[in-house]
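Number of protein chains: 2
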Amino acid sequence: MNGKPLVSIVSAGMSKFGKHDGLLAREIFSEAAKEAFSRCPKLDPKNDIKAMFIGHMGEAYEHQGHMGAAAADWAGLTGIPATRIEAACASSGAALRTGIYAVMSGLADVVLVGGVEKMTHRTTAEVTEYLAMASDYPFEQWHGITFPGLFAMMATAHMHTYGTTQEQMALAAVKNHYHGSLNPKAHMQKEITLENVMSSRCVAWPLKLCDCSLITDGASCIILTKPELASKYTDMPVHIIGSGQASDTIGLYQRKSLTSLNATRLAAKTAYEMANAKPQDIDLAEVHDCFTFAELMAYEDLDFCPVGEGGKLVESGETRLGGRIPVNTSGGLKAKGHPVGATGTAQAYEIYLQLTGQAGKRQVKDAQVGLTHNVGGSGATAAVHIYRSA
Amino acid sequence: MNGKPLVSIVSAGMSKFGKHDGLLAREIFSEAAKEAFSRCPKLDPKNDIKAMFIGHMGEAYEHQGHMGAAAADWAGLTGIPATRIEAACASSGAALRTGIYAVMSGLADVVLVGGVEKMTHRTTAEVTEYLAMASDYPFEQWHGITFPGLFAMMATAHMHTYGTTQEQMALAAVKNHYHGSLNPKAHMQKEITLENVMSSRCVAWPLKLCDCSLITDGASCIILTKPELASKYTDMPVHIIGSGQASDTIGLYQRKSLTSLNATRLAAKTAYEMANAKPQDIDLAEVHDCFTFAELMAYEDLDFCPVGEGGKLVESGETRLGGRIPVNTSGGLKAKGHPVGATGTAQAYEIYLQLTGQAGKRQVKDAQVGLTHNVGGSGATAAVHIYRSA
Numbered sequence: 113m114n115g116k117p118l119v120s121i122v123s124a125g126m127s128k129f130g131k132h133d134g135l136l137a138r139e140i141f142s143e144a145a146k147e148a149f150s151r152c153p154k155l156d157p158k159n160d161i162k163a164m165f166i167g168h169m170g171e172a173y174e175h176q177g178h179m180g181a182a183a184a185d186w187a188g189l190t191g192i193p194a195t196r197i198e199a200a201c202a203s204s205g206a207a208l209r210t211g212i213y214a215v216m217s218g219l220a221d222v223v224l225v226g227g228v229e230k231m232t233h234r235t236t237a238e239v240t241e242y243l244a245m246a247s248d249y250p251f252e253q254w255h256g257i258t259f260p261g262l263f264a265m266m267a268t269a270h271m272h273t274y275g276t277t278q279e280q281m282a283l284a285a286v287k288n289h290y291h292g293s294l295n296p297k298a299h300m301q302k303e304i305t306l307e308n309v310m311s312s313r314c315v316a317w318p319l320k321l322c323d324c325s326l327i328t329d330g331a332s333c334i335i336l337t338k339p340e341l342a343s344k345y346t347d348m349p350v351h352i353i354g355s356g357q358a359s360d361t362i363g364l365y366q367r368k369s370l371t372s373l374n375a376t377r378l379a380a381k382t383a384y385e386m387a388n389a390k391p392q393d394i395d396l397a398e399v400h401d402c403f404t405f406a407e408l409m410a411y412e413d414l415d416f417c418p419v420g421e422g423g424k425l426v427e428s429g430e431t432r433l434g435g436r437i438p439v440n441t442s443g444g445l446k447a448k449g450h451p452v453g454a455t456g457t458a459q460a461y462e463i464y465l466q467l468t469g470q471a472g473k474r475q476v477k478d479a480q481v482g483l484t485h486n487v488g489g490s491g492a493t494a495a496v497h498i499y500r501s502a
Numbered sequence: 113m114n115g116k117p118l119v120s121i122v123s124a125g126m127s128k129f130g131k132h133d134g135l136l137a138r139e140i141f142s143e144a145a146k147e148a149f150s151r152c153p154k155l156d157p158k159n160d161i162k163a164m165f166i167g168h169m170g171e172a173y174e175h176q177g178h179m180g181a182a183a184a185d186w187a188g189l190t191g192i193p194a195t196r197i198e199a200a201c202a203s204s205g206a207a208l209r210t211g212i213y214a215v216m217s218g219l220a221d222v223v224l225v226g227g228v229e230k231m232t233h234r235t236t237a238e239v240t241e242y243l244a245m246a247s248d249y250p251f252e253q254w255h256g257i258t259f260p261g262l263f264a265m266m267a268t269a270h271m272h273t274y275g276t277t278q279e280q281m282a283l284a285a286v287k288n289h290y291h292g293s294l295n296p297k298a299h300m301q302k303e304i305t306l307e308n309v310m311s312s313r314c315v316a317w318p319l320k321l322c323d324c325s326l327i328t329d330g331a332s333c334i335i336l337t338k339p340e341l342a343s344k345y346t347d348m349p350v351h352i353i354g355s356g357q358a359s360d361t362i363g364l365y366q367r368k369s370l371t372s373l374n375a376t377r378l379a380a381k382t383a384y385e386m387a388n389a390k391p392q393d394i395d396l397a398e399v400h401d402c403f404t405f406a407e408l409m410a411y412e413d414l415d416f417c418p419v420g421e422g423g424k425l426v427e428s429g430e431t432r433l434g435g436r437i438p439v440n441t442s443g444g445l446k447a448k449g450h451p452v453g454a455t456g457t458a459q460a461y462e463i464y465l466q467l468t469g470q471a472g473k474r475q476v477k478d479a480q481v482g483l484t485h486n487v488g489g490s491g492a493t494a495a496v497h498i499y500r501s502a
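Chains as they are written, first to last, in my numbering: chain A, 113 to 502; chain Z, 113 to 502.
One chain only, chain A, in its complex shape (with noise of 0.2 Å):
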């Protein structure tokens, strides 16, 4: 974990994640820009940032496109350039891949990104539908399969080929309830138990209510700059030591593999390898819990464990606070919620107090290095990033 840092990160924000009634994304947005800016009282924010990212899903949501320009106007931040990023629930991973580009790239030396969705004003039919989008029209939505049942299958052939149980997944939802429980900050704040999770109704078979991620309000945001001004904003930077992105065919059908996503593996060979890391020296993560299943998933693809022993690195323990790698102790999707275009930030959101020690009674003692993992779809977008403290 020597590699040179890409950029640092000087501040961070995030709003309550949950429901927001009666507000615009835009303002929920601003939220998360004020607390990160109050934590950097070095940065004269509308003199200082030069470029802002903004990962945000689906415009139907409140028939508002040009997320970029209506963000940047409620953080006061007009005249920069203000740009969407879109890639299915990967939105604010990709914003931030975006945002390290634009550091390095010299362009532009302090950069806002960040992440944004409102969604619960809308029915739960209508949030799947728009959700949905980021599957392949012609040969997946056109057929009436939603996410749940993309997963579903995943699952299903996990279970067939490694005997993946249902109580290993449900596992993940207990683990991340507790986690969240512990972060005021996330939608749900209450433990759940395995029985709760067993009984919930079923969504998609092996699929059920506790095993699916929240639909919720929420925008998170981070600052970025270049590691040799970091120390100009702040005394406490975090370092992200390596990016990668991927993508993988749209439709499912198209791929190798229904047990492991492809693009996940690419981001994170790229991202080891950039931050001349090993998967045993993350001291925690953030991954794509989108369903209880794809955290199993993504443990394999991210080389916690071996292929197929994602179940058992759940029932160990070893991914639950105090075990060996802690896994989203944020809450995760699925009890911090999944405000889809701010997921991604909100990871490194997470990372960033953890590695600064500002994560309160879900402190990872002496985190030294992190990861985020973010999923757009049912993996045709992958964003990987490492983090490590100053």
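Hints may be right or wrong, so weigh each one.
For identical chains, the list gives no copy identity; a pair is met inside one copy or between any two copies.
Once the Cα atoms are required to be at most 20 Å apart in a straight line, the calculated DMTMM-like pairs of lysine to aspartate or glutamate come out as [as the list claims (entries may be wrong)]: (1) K390 <-> E340; (2) K381 <-> D221; (3) K390 <-> D221; (4) K381 <-> D133; (5) K477 <-> D393.
Bear in mind the hints are in silico, worked out from the structure with no lab data behind them.
For chain A, the structure is supplied; the task is to place chain Z on it using the hints.
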């Protein structure tokens, strides 16, 4: 215009603009990509291209988000980071800016930047509604105003302040249709008369049907690399020597002026300074004529003429082929067509052809320096780029 090259264009491609019945956006994009690949036989797309950014404005048209992955898939580039960029009608102008960041960052030596939109399978009412999503939902859309109305307000303010006439606006359409008649890829390749424009039905006074750009299907792309690598791929690179992107308030109601786009002015200032160029150095330009009036306003905001004299400039004939500074030799959004996400890189495609002497009947003699100007919405985003032949 002795600015240092930021990046070099080594190839470019564009689908026919028009109606592509029965094709998906990703399929139309693959046509543009195929042309760019075939123009550059020394490039091995699958191995050389390290990232892709695609401007795509509306997921509503095809109920398809995640266009980065979908378009990469159909272009044969699955695996690389593939990201959708959305900044309304400036989506691919912003994608171009993002591609420049990526190349200059050192993380991606060769990058494909493009855009696509499939619009003609929708009714005019649907398209009008989807386009309106680029304006402010609570303060504009909700009250029923659409883009012709927003630009009509700007046009009437200009008429009131500077005495600009409907005939002057109409002349931009006449000129651009003449240019379009020389472009075999233009949606409309027929000349029109001043009388045709003036007698066309009113859409939003003073804008008539022939003052409005076209609803079009199409895609475009360019391939960027580092200037020092350009000779590996082509003997005829075009250098990008200036890049500016800026934002403005999403709502017109917050603006200081209705007769000028501040985002254009900011982006142009950045681009001119970076290129070390003056407006007089520009041999030809592609500007954002979503409405005829917008072209006149662009002349002023790009300093091609003094404030208030956009109408006189088009009247003078100086922006017509053969004039001092030909504008929209491709036919512009007005005659070539406006598949919104594709427009920014289609402008770059035209400048690439012109600066490499490949523009056929519409070739501008001795063209060495070109400019593109791409606007999102009613001006909450603008991207300006300056190009120089090698």
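With identical chains treated as interchangeable, where does the CA-CA distance between K477 and D393 reach 20 Å or less: within a copy, between copies, both, or neither?
Result: close within a single copy only, 15 Å intra versus 61 Å inter.
When Cα atoms must be at most 20 Å apart, do K390 and E340 count as within-copy, between-copy, both, or neither?
neither (25 Å within a copy, 34 Å between copies)
Is it within, between, both, or neither for K390 and D221, if the alpha carbons may be no more than 20 Å apart?
neither (30 Å within a copy, 26 Å between copies)
From the Cα coordinates, with 20 Å as the cut-off, is the pair K381 and D221 best called within, between, both, or neither?
between (27 Å within a copy, 19 Å between copies)
Cα distance capped at 20 Å. Does K381 pair with D133 within a copy, between copies, both, or neither?
neither (41 Å within a copy, 41 Å between copies)
When the structure is compared with the earlier hints, violations turn up for hints 1, 3 and 4 and for no others.
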